[in-house]
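Protein chains in written order, with my numbering: chain H, 41 to 668; chain E, 27 to 509; chain Z, 772 to 921.
No lab work stands behind these hints, which were simulated from the structure alone.
One side of the interface only, derived from the structure: several residues of chain H facing chain E at Cβ under 8 Å:
#1 Ser109
#2 Thr642
#3 Ile656
#4 Ile662
#5 Gly665
Ranges between beta-carbon positions, derived for each pair:
#6 Trp887(Z) with Val80(E): 38 to 44 Å
#7 Ser64(H) with Val490(E): 18 to 24 Å
#8 Phe869(Z) with Thr188(E): 34 to 40 Å
#9 Phe869(Z) with Val80(E): 30 to 36 Å
#10 Ser867(Z) with Pro498(E): 41 to 47 Å
#11 Gly483(E) with Phe869(Z): 44 to 50 Å
#12 Ala54(H) with Gly81(E): 31 to 37 Å
All figures in this text were calculated on a predicted structure; none of them were measured in a lab. Glycine is no exception: its CB is placed at the ideal position from the N, C-alpha and C atoms.
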Amino acid sequence: MLNCLWIVIALPLAGFALLALAGSRMPGRLCALVGAGTVGISAALALAMGVSFAVSPPEGRQFTQTLWSWMSVPPFSPEVSLRLDPLSLVSVCVILVVAFLIMLYSSEFMSGDEGYSRFFSYMDLFVAAMLVLVLANDLVFLYLGWEGVGLCSFLLIGFWYKVPKNVVAARKAFLVTRVGDAALLAGIFLVVNKLGTLSIPEVLSRAAVSWPANSGAANAAAALFAVGAAAKSAQIPLHVWLPDAMAGPSPVSALIHAATMVTAGVYLVARLHPLFTLSPQVLFGVAIVGAVTLLAAGLAALAQRDIKRILAYSTMSQIGYMFLALGVGAFSAAEFHFVVHAFFKSLLFLGAGAVIRGLNQEHDIFKMGGLRRAMPGTFWTFAIGVCSLCALPLVTAGFYSKDLILSSALAAHQGGIWLWLAGVIGAFITTLYAFRMLFAVFFGEVRTQVSKGSGRNMTLALVVLSLFSVIAGFCQMPSGLGGVSLFADFLAPTLPQVREGVGRLQGSLSLVAAIVPLVGIMVAWTMYLHRPRFLQGYARLPALAAVHGFAKQGFGFDALYDYCFVKPVVYLSRVNRRDVSIAYVGAISRVAEALHYLLSMTQTGRVRWYAAGVGIGAVVLIGIGVLL
Amino acid sequence: MNLENLMLLSPFIAVALASIAVMLAATLWKTRFPALLITVVGLGAGLASTGALVGRAPAAVTPLLLINGYSLYFSGLVLACSLGVALLSMGYFARREQGPVQFCLFLLLSTLGAMVIASSSHFASLLLGLELQGAGLYPLAAYARFTPASIEAGIKYLVPSTVASAFLVFGMALVYADSGVMDFGSIAAIGRAPAMSLLMTVGLLMILSGAAFKLALVPFHLWTPDVYQGAPAPATAFVATVSKAAVVGLLMRFFAPFTDHGSNAVAASLWALAIASMFAGNLLALRQENIKRIIAYSSIAHMGYVLVAFLCGTALGIVSATYYVTAYAITALCALAVVSLLSHAKETESLADIRGLALRRPLVAFLFAVAMMSLAGIPFTVGFIGKFYVLSAGVQSRVWPLTFSLAVSSAIGLYYYLRVVIVMYRHPAPASEKDAGPSAMAGMSRPLSAAGMIALGTAGVLLVCFGVYPGPLFDFIAWMVGS
Amino acid sequence: MNHRTALISPLLPLALYGAAVALIVCGMVVTSHFAGGRRKHRPTTPPYESGMTPTGSTHIHLSVSYYLVAMFFLIFDLEAAFIFAWAVSLKQAGWSAFVEMLVFVGVLMAGLGYLWHEGALDWGPSARRSKSKPREESSLQARGDDVRQD
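Pulled out of the complex, with its shape left as it was, chain H reads as follows (with noise of 0.2 Å):
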């Protein structure tokens, strides 16, 4: 069974190599199947595989297919080799099944689009390229996944690329992941000179070997993939392409840009996490970035108007909530709301994207309103996503992952109450803005008229993926009620177990964490719906506009850029107009080209000459053999 492994892989690629070199001229209909089919057949092909693990698993819980040795130069040998262990495992039955309903769901949203089947073909690639980021044994096979990701990323951003702000978008989500890509690549450089191999186990255990803790070399390792993780995954400072990204369709936005693509960085650290305790400051970095993400795109998603961005700051928020996890040492609780996210944020984008689509490309929530009577499917799936989101306390899976975080933040020696004080301080306002948005969209009066309903396959997409957001968290429930802990014990051979703290302290402060989402509520329901006079009267305040304002732009990360980087660049190019840089850049090209025209004229297309070109050869070689 386990032996099938590669075709997990092979058939979305199969797929993307149909569609792009025939899906121009196939039916809508055939190019829906074919994409959606591949990933749906990995899919189960994939769930199969995962309970035939849990019920006989390999030795020593891991299986390893070597499936070839790409080149071989040793000590240089990339092999193309998966790994499938209880990480992995995890991981790809999340992505594709959270693929193969997004898929479904597109088919019906894309339907009319004129790139429909580049559209499927592009998700296929994705899929297949996330697989193999996943999936990896090897570091340049893992890093041919993420190029990959990010390359259909950028496809998928500027889809519509006739819109030049599209395209503009997905060029800054290339050129900013390109700044955590080259962290990666000179990671992997490092790795692989310094410990001579690029086997990803192989990795691990010599870095214990070798690497004393906290030594220069460890330190260096983990804080380059550390920034190549920021960037994939979209924390402060790189997390400036996420909010842009949202120019992609919102199928794409659900699956790349929530579900998959952006919790890259979160994979990549539970998947080196070894490396990363050998670098305990380089860790506590990453709770630190976590922590201050959620706060501050917690804050800018409250001030969004764009349902999108909302739910692409939200999405940030949650990643630092993951990152904060990985920080404090708590991997497979990092893991655990990796897989919670997935769902209920690939929910959330999808009933956005069926709101969106309703309402004629409407994005701004306070233009929209009331929809709870027109869309009442679309309704009740995205207030489960929304309660998920905010952790509602025992009945969403939301709960049972973040008070996993939080908790072992407590809990865990390089955590404290400062970093849980975050997390629920984050929760506060998750809440707030979640509900001001399921407010601001579905209640109130009815502001625009619903001109497009949804139809069965996104409903059913919506469903199932609601279906999820509650019960993927009983597989994991804190001590206190009922102690279930299958998911860390599934992980538990590939990642640490979480400690979790008994104390009554401990006890009291869950409490706190579980009571918040509650109040918070509360207070949204109101701000934003009971009295929502009472909230205007403080916005007319300049310093809270002002502050209102500067998280809208996202706490002027943007702008910091632009002064910082791209201001710089323009002035000291305009300065520098003809140029000195050109000088010597552009004499490369000058002296090839000038050299081309040159050689160029020995062909003269006279045959004699030719003729005498021989001759003068040979006369050359010879007098080289004289000469020596």
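Using the hints provided, position chains E and Z relative to the given structure of chain H.
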């Protein structure tokens, strides 16, 4: 001449019989199909019998030919490329006045010559092979005799080639005058000796000049672009693959003893040829607008890369060079197959002709793009793997000047390869449509020949397969060339 | 170094001889250039044809068939030389050489048949060419005619 020897010669016999059969078929039947069928079957039989000989102990068949893993590999490569060219010619000549019958005849004869070159172990057989190959190549280049460019290509290949052959033969005479031997084994023994007489050196360098002409190494390269451009596309493919592969095989076998140790005149000359070829080839292609000329110039550079691996003088170097030649043959066949398939009344050869190709023929454009990327050495193509092995051989042997030149010149090369790709994926210029008139557009929508598509598809699949999964081919080459 | 001097010393007289030849030839040309009389009249430029005024163009087209037949003669004549060599040692060479010669002659015959069929042996416009259809196979005869028309 016993049965064992006949068995060893079976690839040669198959091709020779096929060429006679083509002549007879031309007299017996009026249609072109039997000749094509015989050609394909003959080349296929040659390939099959070459395959059947793999794994046998090396054996000398008369003092003239040596059949070992090395010669078998290159014979097989030559035959496979020739088969591809034969398939291409089917489609290419289907719509032309001229029939492909004589084309097949020359193709078979030239292939036979190339196989003799690859297996020769004596000056006599080498010269025989070279001349047989040449005698086939000149008419192949001039085959489209109703177009002046093709006649011109034939002449431009014939005349310099004669000059080069003269040097070659004179070199052989000098070597014989100095040493009194003509078989490669004895000459290799001289090469391994610490010192060499001046006469011997001059003779070897003259032989090198002749070989360098066939490989179009700078400064023996002047004929290349004109011949590539003027010859009909399948003939260009033949010149680019078959004749190159055979001569590289010879070069590596004949000159390997002279590059083993340090700095003698032959090694120094080869270094100079390699560096000059890499730079000049890539520079000449830079602003070129004609696809066939681009491929011609790039072939100059690629033969330079092959020399880099060869000059490492290590086992890895030889294997890498062989891998690179194979990679280049596959890629060049793929690229020229596209040119051949797209050519109708007029050859499709300028960049303007293929502008917007991706919209009209996505598959063909994709394969052409992949071929260009393979030439440029972009990952997941066979060209990347080839270049990787060449570079690692260079780094391993610490031949820094060569390695550095390779890196710099292939960076220059990226420019023109990617330019071709970009042109294909741009929207067709509205003005050019008007200029090209209805005939060009009609040509763009006609169905492509099935045989040609088979050749193109096979080359394309191999190109990607060996780029993603190169291990078996590399091991096979190491086993064949090493044994 | 040793063998180089050994090589150069016998070459030295040769080089001297070559230089002397070049010098004398140049001297003759230069001397005649200066010493010789030169007149430029109309009859000095045309080629000398036994005192007759030349008629027609100097560029005469010979039929390509002429060269072809000459070439075929040469080729088959040369092949005959091999057969002579075999014939004088017929007894010693034995049966295997007999078989080999059969193959050799067979190949020659196939070639001859091909040429015959292509019309390469016909002198003048071939029967085949006169009834040729537009999409017919090319023939060597046709090739010859085309070149001549150029």
